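Peer 1: Position chain B relative to chain A; hints supplied.
Protein sequences, first through last, are from chains A and B.
FYI, the UniProt record's numbering numbers position 39 of the first sequence as 39, with every residue one higher than the one before it.
FYI, the UniProt record's numbering numbers position 24 of the second sequence as 24, with every residue one higher than the one before it.
Keep in mind that the hints were calculated from the coordinates and are not lab data.
All values reported here derive from a predicted model rather than from experimental measurement.
Any given hint might turn out to be false.
Listed below are the simulated DSS-like cross-link pairs for lysine-lysine, each with C-alpha atoms no more than 30 Å apart in a straight line [said to hold, decoys possible]: (1) A:Lys27 x B:Lys51; (2) A:Lys7 x A:Lys81; (3) A:Lys8 x A:Lys110; (4) B:Lys38 x A:Lys90; (5) B:Lys93 x A:Lys110; (6) A:Lys81 x B:Lys38; (7) A:Lys18 x B:Lys33; (8) A:Lys90 x B:Lys40; (9) A:Lys81 x B:Lys93; (10) B:Lys40 x A:Lys7; (11) B:Lys33 x A:Lys7; (12) B:Lys94 x A:Lys81; (13) B:Lys51 x A:Lys8; (14) A:Lys18 x B:Lys51; (15) A:Lys8 x B:Lys33; (16) A:Lys110 x A:Lys81; (17) B:Lys60 x A:Lys109.
Calculated from the model, a selection of chain B residues having no Cβ within reach of chain A, i.e. all distances over 12 Å [stated by the list, open to error]: (18) Pro4; (19) Leu44; (20) Tyr47; (21) Arg50; (22) Met53; (23) Leu78.
Cβ atoms here follow ideal geometry from the backbone N, Cα and C, with glycine treated the same way.
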Amino acid sequence: MSMFRAKKLDLGCFTNIKIIRDHSKRKAFEAAEAERQALRYTIRNTTLPPRTRAIAQLQLTQMHCYTRPTQIRNRCILGGKGRGILTDFKMTRYNFRLQALAGNLPGVKKASW
Amino acid sequence: MSVPRARLLDLMRARCELFSTTFNPEGVRTGNKILRQKLKGPALASYYPRKVMTFRDFQKEFQPLELEVENEDEIDRLEHIAGLKSRGKGAPKKKREKDTSKKR
Numbered sequence: 001m002s003m004f005r006a007k008k009l010d011l012g013c014f015t016n017i018k019i020i021r022d023h024s025k026r027k028a029f030e031a032a033e034a035e036r037q038a039l040r041y042t043i044r045n046t047t048l049p050p051r052t053r054a055i056a057q058l059q060l061t062q063m064h065c066y067t068r069p070t071q072i073r074n075r076c077i078l079g080g081k082g083r084g085i086l087t088d089f090k091m092t093r094y095n096f097r098l099q100a101l102a103g104n105l106p107g108v109k110k111a112s113w
Numbered sequence: 001m002s003v004p005r006a007r008l009l010d011l012m013r014a015r016c017e018l019f020s021t022t023f024n025p026e027g028v029r030t031g032n033k034i035l036r037q038k039l040k041g042p043a044l045a046s047y048y049p050r051k052v053m054t055f056r057d058f059q060k061e062f063q064p065l066e067l068e069v070e071n072e073d074e075i076d077r078l079e080h081i082a083g084l085k086s087r088g089k090g091a092p093k094k095k096r097e098k099d100t101s102k103k104r
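Excised from the complex, chain A in its bound form:
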């Protein structure tokens, strides 16, 4: 959603719309995280009146989907792909291989024995 997008591109990696979208989701989640946790606490607290908890449940479900952490997906910072990502290097397995063979990843070495 464009209202969550930064007015000026603030990414320094490979960019395509999927990466921009994912980045906006991350920022939206960061901004709304405290509110989400407060609502989650209210919902799980059985000492509160049931009505309050039900209202909190509704509020949580009615928050924008961009503020949901499950919307976030790790993407490759070199090609924007969403599958086969090595989380430690934020890259797809193929880009990781290329970078590792080129010696751009400190401490990574091709195994041989």
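Peer 2: Here is chain B on its own, set in the frame of chain A:
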């Protein structure tokens, strides 16, 4: 050798005071585990590398020293476009907003 419940509760209360945890002998769900969780927003939001500096900023930095920096990528791009234009393969010019009535 059974210990009375009241005594056990006292022990529990003392333990909670010592380690500053919530005294909750019935095990009622108070949702405290949500409050104990760390916020993971900052870690998630810093996944993609941010833009540090643009080439224009870089050129501006060197302007007061009267040093010119050439953006080779930009020059290549302009050359490519000039080549296309000379062959008549360039992008068409933008339409003027004259015939707005004809819009479908």
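Peer 1: Now tell me if each hint is right for this structure.
Peer 2: Here is what the structure says about each hint:
Under the criterion of a C-alpha separation no larger than 30 Å, the hint pairing Lys27 of chain A with Lys51 of chain B is consistent with the structure, at around 15 Å. For the proposed pair Lys7 of chain A and Lys81 of chain A, the alpha carbon gap of about 24 Å is at most 30 Å, so the pair holds. Only pairs whose Cα atoms come within 30 Å are accepted, and Lys8 of chain A paired with Lys110 of chain A is rejected, the gap being roughly 40 Å. Between Lys38 of chain B and Lys90 of chain A the CA atoms are separated by roughly 22 Å; this keeps the pair inside 30 Å, and the hint holds.
For the given pair, Lys93 of chain B sits about 52 Å from Lys110 of chain A by alpha-carbon distance, which is inconsistent with the 30 Å threshold. For the proposed pair Lys81 of chain A and Lys38 of chain B, the alpha carbon gap of about 29 Å is at most 30 Å, so the pair holds. As the CA atoms of Lys18 of chain A and Lys33 of chain B are separated by approximately 34 Å, the hinted pair breaks the 30 Å bound. Annotation: proposed proximity of Lys90 of chain A to Lys40 of chain B holds, straight-line Cα distance about 17 Å (limit 30 Å).
Taken as a hint, the Lys81 of chain A and Lys93 of chain B pair is broken in the structure, with Cα atoms around 34 Å apart against an allowance of 30 Å. Between the alpha carbons of Lys40 of chain B and Lys7 of chain A the distance comes to roughly 24 Å, so the proposed pair stays at or under 30 Å and holds. Proximity of Lys33 of chain B to Lys7 of chain A is assessed by CA-CA distance (about 37 Å); at most 30 Å being required, the pair is judged violated. The straight-line distance between the Cα atoms of Lys94 of chain B and Lys81 of chain A is roughly 34 Å, outside the 30 Å bound, and the hint therefore fails.
For the proposed pair Lys51 of chain B and Lys8 of chain A, the alpha carbon gap of about 10 Å is at most 30 Å, so the pair holds. Among the hinted pairs, Lys18 of chain A with Lys51 of chain B is consistent with the structure: their alpha-carbon atoms are about 17 Å apart, no more than 30 Å. For the hint linking Lys8 of chain A to Lys33 of chain B, the alpha-carbon distance of about 38 Å lies beyond 30 Å, and the restraint is violated. Between Lys110 of chain A and Lys81 of chain A the alpha-carbon distance is near 23 Å, which keeps this suggested pair within the 30 Å criterion.
Of the supplied pair hints, the one linking Lys60 of chain B and Lys109 of chain A is violated, its CA atoms being roughly 40 Å apart against a limit of 30 Å. At roughly 27 Å, the least C-beta separation between Pro4 of chain B and chain A is larger than 12 Å, which holds for a residue marked as non-interface. Distance to chain A contradicts Leu44 of chain B as a non-interface residue, since its nearest Cβ pair spans about 5 Å, not more than 12 Å. With a least CB separation of 6 Å from chain A, Tyr47 of chain B falls inside the 12 Å interface cut-off, contrary to its annotation.
Non-interface call for Arg50 of chain B relative to chain A: violated, since the shortest CB-CB distance, roughly 6 Å, does not exceed 12 Å. At roughly 9 Å, the least C-beta separation between Met53 of chain B and chain A is not larger than 12 Å, which violates its mark as non-interface. Annotated as non-interface, Leu78 of chain B keeps its C-beta farther than 12 Å from every C-beta of chain A; the closest such distance is 21 Å.
In summary, the numbered hints that this structure violates are 3, 5, 7, 9, 11, 12, 15, 17, 19, 20, 21, 22.
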